[in-house]
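Undergrad: With these hints in hand, go ahead and build the complete structure from the sequences.
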Amino acid sequence: MKRAWHRDGGNQGPTGPDDEVGGIGHACPAAAPEAISQAGLRGTPMDLASETQARDAVVRRLRLHATRIRRDVVDMVTEAQSGHIGGSLSAADIVAALFFHHMRHDPADHRWPDRDRYVQSKGHACPVLYSALAQAGYIEHDEIRTFRKMDSRLQGHPCKAKLPYLEYTTGSLGQGLSGALGMALAARLDKNDFRVYCLMGDGEQQEGQIWEAAMAAAHYEADNLIGILDRNGLQIDGATEEIMALGDIGAKYEAFGWHVIPIDGHDPDAILDALIAADAAAGHGKPVLILAHTVKGKGVSFMEGSISFHGRPCTPDEYAIASEELRITREDAERALHDAGEPVPPVGREGVTARQRKPAARTQEAPA
Amino acid sequence: MKVTLYPEFTHRKSLRDAASHVLIEIGRADERVVVLDADLALSTKTIRFGQMFPERFFDMGISEQNMMGVAAGLAAAGKKAVAATFAAFATGQCYNVIRQSIAYAHHDVTIYATHAGISVGGDGATHQMLEDIGLMRMLPNMWVFAPADATEMGPVLKAAVGRDGPAYVRCGRSDEPILFERYEEFEVGKALTLTDPGSDVTVCSTGSMTRYAVEAVEALRKDGIDAGHLHFPTIKPLDADALRAAADASGCLVTAEEHNVIGGFGSACLEALSEGDPVPLHRVGTSDTFGESGGGQALMDKYGLSTGHIEQAARRVMARR
Numbered sequence: 025m026k027r028a029w030h031r032d033g034g035n036q037g038p039t040g041p042d043d044e045v046g047g048i049g050h051a052c053p054a055a056a057p058e059a060i061s062q063a064g065l066r067g068t069p070m071d072l073a074s075e076t077q078a079r080d081a082v083v084r085r086l087r088l089h090a091t092r093i094r095r096d097v098v099d100m101v102t103e104a105q106s107g108h109i110g111g112s113l114s115a116a117d118i119v120a121a122l123f124f125h126h127m128r129h130d131p132a133d134h135r136w137p138d139r140d141r142y143v144q145s146k147g148h149a150c151p152v153l154y155s156a157l158a159q160a161g162y163i164e165h166d167e168i169r170t171f172r173k174m175d176s177r178l179q180g181h182p183c184k185a186k187l188p189y190l191e192y193t194t195g196s197l198g199q200g201l202s203g204a205l206g207m208a209l210a211a212r213l214d215k216n217d218f219r220v221y222c223l224m225g226d227g228e229q230q231e232g233q234i235w236e237a238a239m240a241a242a243h244y245e246a247d248n249l250i251g252i253l254d255r256n257g258l259q260i261d262g263a264t265e266e267i268m269a270l271g272d273i274g275a276k277y278e279a280f281g282w283h284v285i286p287i288d289g290h291d292p293d294a295i296l297d298a299l300i301a302a303d304a305a306a307g308h309g310k311p312v313l314i315l316a317h318t319v320k321g322k323g324v325s326f327m328e329g330s331i332s333f334h335g336r337p338c339t340p341d342e343y344a345i346a347s348e349e350l351r352i353t354r355e356d357a358e359r360a361l362h363d364a365g366e367p368v369p370p371v372g373r374e375g376v377t378a379r380q381r382k383p384a385a386r387t388q389e390a391p392a
Numbered sequence: 216m217k218v219t220l221y222p223e224f225t226h227r228k229s230l231r232d233a234a235s236h237v238l239i240e241i242g243r244a245d246e247r248v249v250v251l252d253a254d255l256a257l258s259t260k261t262i263r264f265g266q267m268f269p270e271r272f273f274d275m276g277i278s279e280q281n282m283m284g285v286a287a288g289l290a291a292a293g294k295k296a297v298a299a300t301f302a303a304f305a306t307g308q309c310y311n312v313i314r315q316s317i318a319y320a321h322h323d324v325t326i327y328a329t330h331a332g333i334s335v336g337g338d339g340a341t342h343q344m345l346e347d348i349g350l351m352r353m354l355p356n357m358w359v360f361a362p363a364d365a366t367e368m369g370p371v372l373k374a375a376v377g378r379d380g381p382a383y384v385r386c387g388r389s390d391e392p393i394l395f396e397r398y399e400e401f402e403v404g405k406a407l408t409l410t411d412p413g414s415d416v417t418v419c420s421t422g423s424m425t426r427y428a429v430e431a432v433e434a435l436r437k438d439g440i441d442a443g444h445l446h447f448p449t450i451k452p453l454d455a456d457a458l459r460a461a462a463d464a465s466g467c468l469v470t471a472e473e474h475n476v477i478g479g480f481g482s483a484c485l486e487a488l489s490e491g492d493p494v495p496l497h498r499v500g501t502s503d504t505f506g507e508s509g510g511g512q513a514l515m516d517k518y519g520l521s522t523g524h525i526e527q528a529a530r531r532v533m534a535r536r
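Protein chains in written order, with the working numbering: chain A, 25 to 392; chain B, 216 to 536.
Keep in mind that the hints were calculated from the coordinates and are not lab data. Fair warning: there could be bad hints in the mix.
Stated by the list, open to error - Derived EDC-like pairs (lysine to aspartate or glutamate); straight-line CA-CA distance at most 16 Å:
no., chain 1, residue 1, chain 2, residue 2
1, A, Lys184, B, Asp379
2, B, Lys517, B, Glu507
3, A, Lys215, B, Glu246
TA: Here is the structure:
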């Protein structure tokens with residue numbers, strides 16, 4: 025199915041400072057050969073040097089977004105004195121790339137029918153999602169302080185009925201991929217080219233329903249469905265390979281009929297390449313799994329690889345150290361932007377790039 | 216609500232059969248409607264919808280949990296989803312998926328469950344679902360329906376699918392006598408008065424037990440007992456007002472359902488009544504037991520689900536007034 029705009033290159037989308045920085049149309053070494061050739065056919069021709077420059081600018085910006093998200097995650101869980109830090113931090117780079125570069129969505133119209141869908145099957149890591157929604161201006165940034173508190177829209181696990189900007193309700197693990205598949209099938213029925221991104225945890229791969237959904241997605245050739253597996257290797261009781269080994273999880277998805285793209289889930293460049301390759305795979309009849317190798321607790325030294333930070337908040341001392349580390353990371357990211365002569369992206373709706381949002385032309389054409 | 220009763224139970228038809236035609240009607244009127252099944256499309260008869268609208272029909276294979284999740288996802292993207300399979304698998308196998316992805320999320324999914332109850336017969340207890348009303352009515356946001364015959368399946372299914380939210384519709388496997396010749400003005404959450412509440416006793420029935428209750432009330436009235444009869448196609452939201460009025464008029468009640476007496480329709484009536492002035496109430500249903508293989512009708516008799524059992528319950532409860 026043909027995408028109407030934005031990832032196919034320059035001519036239909038809006039023009040603006042973000043349009044040429046997409047790194048559009050080139051694919052990564054990890055992509056399948058057909059994905060590379062497909063991607064090569066799509067993008068606006070650019071010479072290699074300017075393409076690399078544009079990509080570098082996106083990566084610099086995403087590093088800052090991911091750091092802001094990490095800071096929010098630590099703040100939220102500390103403020104609430106409960107919640108899941110580790111699995112939120114491991115997904116921060118992926119979520120930043122989706123919400124602040126790759127996904128088609130518009131905080132000014134959360135019901136835009138053409139928006140890409142984001143389903144977070146690992147619902148416990150919702151701090152990363154709430155932060156993305158706050159950073160993107162769907163909710164006021166202050167609202168993240170209500171996380172897990174009485175009368176909050178930010179439930180301990182994502183509840184769509186309370187927070188309409190969510191696409192799906194999750195928490196009990198293993199259910200998100202089925203819902204994402206349903207959305208992908210609906211897109212096909214409606215002849216809409218939106219994509220569905222489903223972030224999954226690795227622990228929840230132990231749920232049978234995941235494999236029911238994996239089988240069904242391949243059967244229905246849902247190539248508009250992109251699973252992203254946050255492979256941080258840890259679950260509550262220990263290492264996944266000790267508790268209930270996933271083994272070669274990529275091979276398992278491949279055996280189920282998926283196209284698998286393994287990447288370093290903390291490298292923005294690799295994440296972008298994988299997302300582009302996943303787009304290029306559309307039309308080939310296979311759902312895509314981005315197998316993102318990550319580190320639980322990534323970004324805060326003493327949380328990295330820590331099982332205990334799966335579900336416990338920081339002590340005041342730990343919070344002080346985490347804050348300091350994340351401050352340094354943020355300043356580094358801001359300095360990199362400054363040194364390159366690029367603006368620091370604002371927090372709120374303007375932080376979502378123009379190329380992600382509803383085209384102005386489309387808004388004008390829409391019936392009142 | 217208005218119905219015209221058939222004078223005799225001369226016509227028989229399965230509710231599944233009726234539902235299959237109603238689904239096509241609904242699907243023709245609203246192209247958002249999609250139907251899913253889990254490798255039982257020939258039994259539930261959703262295959263007819265599939266033949267008519269192949270693009271909007273999804274056989275998910277033998278994976279009920281995924282079916283419920285995919286239905287929820289379709290609903291999340293603007294479809295009106297109907298997920299069909301046997302009641303045991305629809306509810307028991309999928310409880311937590313229904314709870315989170317459908318009920319809590321308030322997604323527009325109608326769970327259409329066939330083969331509810333012990334009259335399933337030869338398949339035995341694994342397939343004779345007697346706890347589904349309890350499971351489904353316990354879920355916040357869920358509506359629960361048990362139509363009595365093929366005629367009533369039409370308005371019930373339309374109301375369930377018409378709701379922008381979750382609903383559960385149960386029916387049995389067997390051909391059932393047609394009770395209602397015509398059915399107009401179905402109202403969700405309203406009981407249907409088949410015989411005005413009597414001064415001696417009122418029978419409140421749901422689903423497949425309503426035809427037996429009709430016979431029991433007739434027999435009681437022939438014996439000079441002033442017996443009334445309310446039929447509840449909607450179990451949740453329960454028509455507590457009609458129930459209260461019947462309790463006040465009769466001073467005692469009998470409930471009848473093809474379901475365990477624990478947690479089912481009778482329990483719902485007890486709960487509603489006990490908030491006010493309770494009256495003696497006897498529940499006709501299966502008594503905290505699993506079923507077994509056998510003929511459907513023979514099993515109904517053996518497990519206490521017959522006209523005679525309703526009559527006996529009425530006489531016993533009257534004595535306690």
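Undergrad: Each hint should be assessed against the structure and marked as holding or not.
TA: Hint-by-hint comparison with the structure:
1. Lys184(A) / Asp379(B): Measuring from Cα to Cα gives roughly 15 Å; hence the hint holds.
2. Lys517(B) / Glu507(B): Satisfied, since the Cα-Cα distance of roughly 10 Å is no more than 16 Å.
3. Lys215(A) / Glu246(B): holds (13 Å)
Comparing the model with each numbered hint stated earlier shows that all of them hold.
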